[in-house]
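Colleague: Following the hints, position chain B against chain A.
Chain by chain, the residues:
Number of protein chains: 2
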Amino acid sequence: MTPTPKPEFSQACPIPISDYPNVVMAHGGGGRLMQQLIESIFVPTFKNDLLSQRHDGAVFSLAGQRLAFTTDSYVVQPLFFPGGDIGTLAVNGTANDLAMCGARPLYLSSGLIIEEGLPMETLWRIVQSMKQAADKAGVQLVTGDTKVVDKGKGDGIFINTAGVGVIEHNLPIGPGSVRPGDAVLLSGDIGRHGITIMSVRDGLGFETSIESDCAPLWSLVAALIDQGIEIHCLRDLTRGGLASGLNEIAQAANLPIAIDETAVPVREEVRGACEILGFDPIYVANEGRFIAFVPANQADRALGILRANPLGADASHIGTVAATTETRPIVTLKSQIGANRILDLLSGEQLPRIC
Amino acid sequence: MTPTPKPEFSQACPIPISDYPNVVMAHGGGGRLMQQLIESIFVPTFKNDLLSQRHDGAVFSLAGQRLAFTTDSYVVQPLFFPGGDIGTLAVNGTANDLAMCGARPLYLSSGLIIEEGLPMETLWRIVQSMKQAADKAGVQLVTGDTKVVDKGKGDGIFINTAGVGVIEHNLPIGPGSVRPGDAVLLSGDIGRHGITIMSVRDGLGFETSIESDCAPLWSLVAALIDQGIEIHCLRDLTRGGLASGLNEIAQAANLPIAIDETAVPVREEVRGACEILGFDPIYVANEGRFIAFVPANQADRALGILRANPLGADASHIGTVAATTETRPIVTLKSQIGANRILDLLSGEQLPRIC
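Residue numbers (our numbering), protein chains in the order written: chain A, 585 to 939; chain B, 585 to 939.
If we strip away everything but chain A, and leave its shape as in the complex, we get (with noise of 0.2 angstroms):
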């Protein structure tokens, strides 16, 4: 018996079937083809000012109190690996898109999706780091929803979180916000969360010391507004690393951003397993850093802010929004050697299910 056929929608499927038949793994890989996704599928259907921000969340205020409201679905494999866990990832992923608003993260939620013939103690073990990182990151865990599918039908456990944050100043943070000669600012050296992955990845392991910087970063966020930096933008740098989240920002700001490479923190044995592996460090996925676009007066005061934490030791002033608006919001990296290059999104992602 096949199921009753649903009432045909006016508006065809905006991704042509021909292009792409079925939805392939880069589809959920940070670069352009989810891109494309979002932009064609997504926003169009549910079109609201709130999606339209195109934000790491939702921001909306509820008896004059601005919120920031997000959510993530996490799916990495191996589930365990140096420095983190699915549990840890799945709080801070989260967290994390709530202090990218600005919001301080105050509440998450928890939807389990979990594989039939999980080891009791694996969840055991997860749901534990959930809670570390939830009391590390100042967060609580307030409501959940467990679900359970047939063996073959799931891959161990996949978590779900959401989050709700609160805004506690008047800035407002976006990609709106970014202005002509913006400074960008880089928290802490990149790639050593896809690496830490690929290192530990069924037929890609390879033995290095590098763990992963997955970390909460709302304490680095809160000093910054703190002491009266006035942020106009953030965004953390997870699927797709530096490069996509500097091409979704110069796109959703209209404007182009130029990068100095050398100014770009990338730890050597991330250099040396990025050679090996043929992947540029700059789109390797983090879990721990972000970008902040700042007015250029503030970058040398925000950067001394960042660096005064440990999560930002790191940081590093990186580039510039540029002065004028009458190119194409692309962004452009000078390389190591003085030459000048667009760091264009990939597809993809080099490594999936990293996060």
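Mixed in with the good hints, there may be bad ones.
Pairs of lysine to any residue residues, derived as SDA-like cross-links and limited to a Cα-Cα distance of at most 25 angstroms, are as follows [to be verified]:
#1 B/Lys631 - A/Thr706
#2 A/Lys735 - B/Lys735
#3 A/Lys715 - A/Ile625
#4 A/Lys720 - B/Lys735
Simulated coverage check for chain A against chain B, where a stretch passes if three residues somewhere in it have a Cβ under 8 angstroms from a Cβ of chain B [said to hold, decoys possible]:
#5 610–624
#6 627–638
#7 650–658
#8 680–694
#9 697–709
#10 723–732
#11 895–905
Between beta-carbon pairs, the in silico distance windows are [claimed, not checked]:
#12 B/Gln649 - A/Ser931: 42 to 52 angstroms
#13 A/Gly922 - B/Lys735: 38 to 48 angstroms
#14 B/Asp734 - A/Val627: 21 to 31 angstroms
#15 B/Pro628 - A/Leu788: 35 to 45 angstroms
Simulated from the structure, these hints should not be mistaken for laboratory data. Note that this is a predicted model, so its numbers are computed, not measured. All residues carry an ideal CB built from backbone N, CA and C; glycine is no exception.
Modeller: Frame of chain A; chain B shown alone:
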């Protein structure tokens, strides 16, 4: 290469390995095993006042405004069924959990976990259903996330939605407000959603004209509140059906409940399908039904209000919270032939993955 072992946690997993070394389907089934998972792992680990409300969502105040926050993941199979699809469920299910907190649903998040190879047209249809359901329920989808997992590591699509709603009255709706002598109202006939899913399930399919009861419930709750019914508690009846909803409230309120089976509306087709399949409709899932606990002297008026809405046309006064707290918090059912039996939780769900 094996993942680096995590530091040992001081406390061992409280579910004895000898009982359940692995997660089984019933841990997600809305019955006794799911309750054990929640009570022995989630509640003690994350313990906080909001979680211990044992409500359909977390209720908290921000800037003097009471809000509700909830989440659910949807893993229903098949994805499309008479009366709806996974997208309809994902919107109504979470909006209804907000309504059960007495909150007007405002905003939803959407977290999609798509299996590589899902036809793009299927995704498009589901997203259109989410939009139609959101418009009907009066909520906006304001933030989202998309992950893609390898073919064979998912099951078409899983959807998580989380929701934020606003509480615009002073009633302390929740299990803690249930009082001895309260009337138990049921908003309509039961079992349609579960039987519908079963009728289109691979290997189980049978002919029926039954459609899922999946529907947004806020208009019913709003009518009760607007017309001055002092609602004590609300619970929508999903996994585990009416029996589970009643048991959850009885236990959380620590009060026995007595139900009159003859007052519970069940459509002939549902009753017939249940007889053939050996199911009890009282345990079969619904997606557009709830129970309301109200003061006995308001029961008739509340029933009239429910029946004035097409979604509550078959509402019924099905039972009473015991007037004394002297007995254990069990649910007793007076059957059609006048015998009393204890209506217990099942270990899991009669049919897995109905939502």
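Colleague: Give a verdict on every hint.
Modeller: We went through each hint and held it up to the structure:
no. : hint                                    : verdict
1   : B/Lys631 - A/Thr706                     : holds (20 angstroms)
2   : A/Lys735 - B/Lys735                     : holds (14 angstroms)
3   : A/Lys715 - A/Ile625                     : violated (35 angstroms)
4   : A/Lys720 - B/Lys735                     : violated (35 angstroms)
5   : 610–624                                 : holds (count 7)
6   : 627–638                                 : holds (count 5)
7   : 650–658                                 : holds (count 7)
8   : 680–694                                 : holds (count 4)
9   : 697–709                                 : holds (count 12)
10  : 723–732                                 : holds (count 9)
11  : 895–905                                 : violated (count 0)
12  : B/Gln649 - A/Ser931: 42 to 52 angstroms : holds (44 angstroms)
13  : A/Gly922 - B/Lys735: 38 to 48 angstroms : holds (44 angstroms)
14  : B/Asp734 - A/Val627: 21 to 31 angstroms : holds (26 angstroms)
15  : B/Pro628 - A/Leu788: 35 to 45 angstroms : holds (38 angstroms)
Hint check: violations occur at hints 3, 4 and 11; the rest are consistent with the structure.
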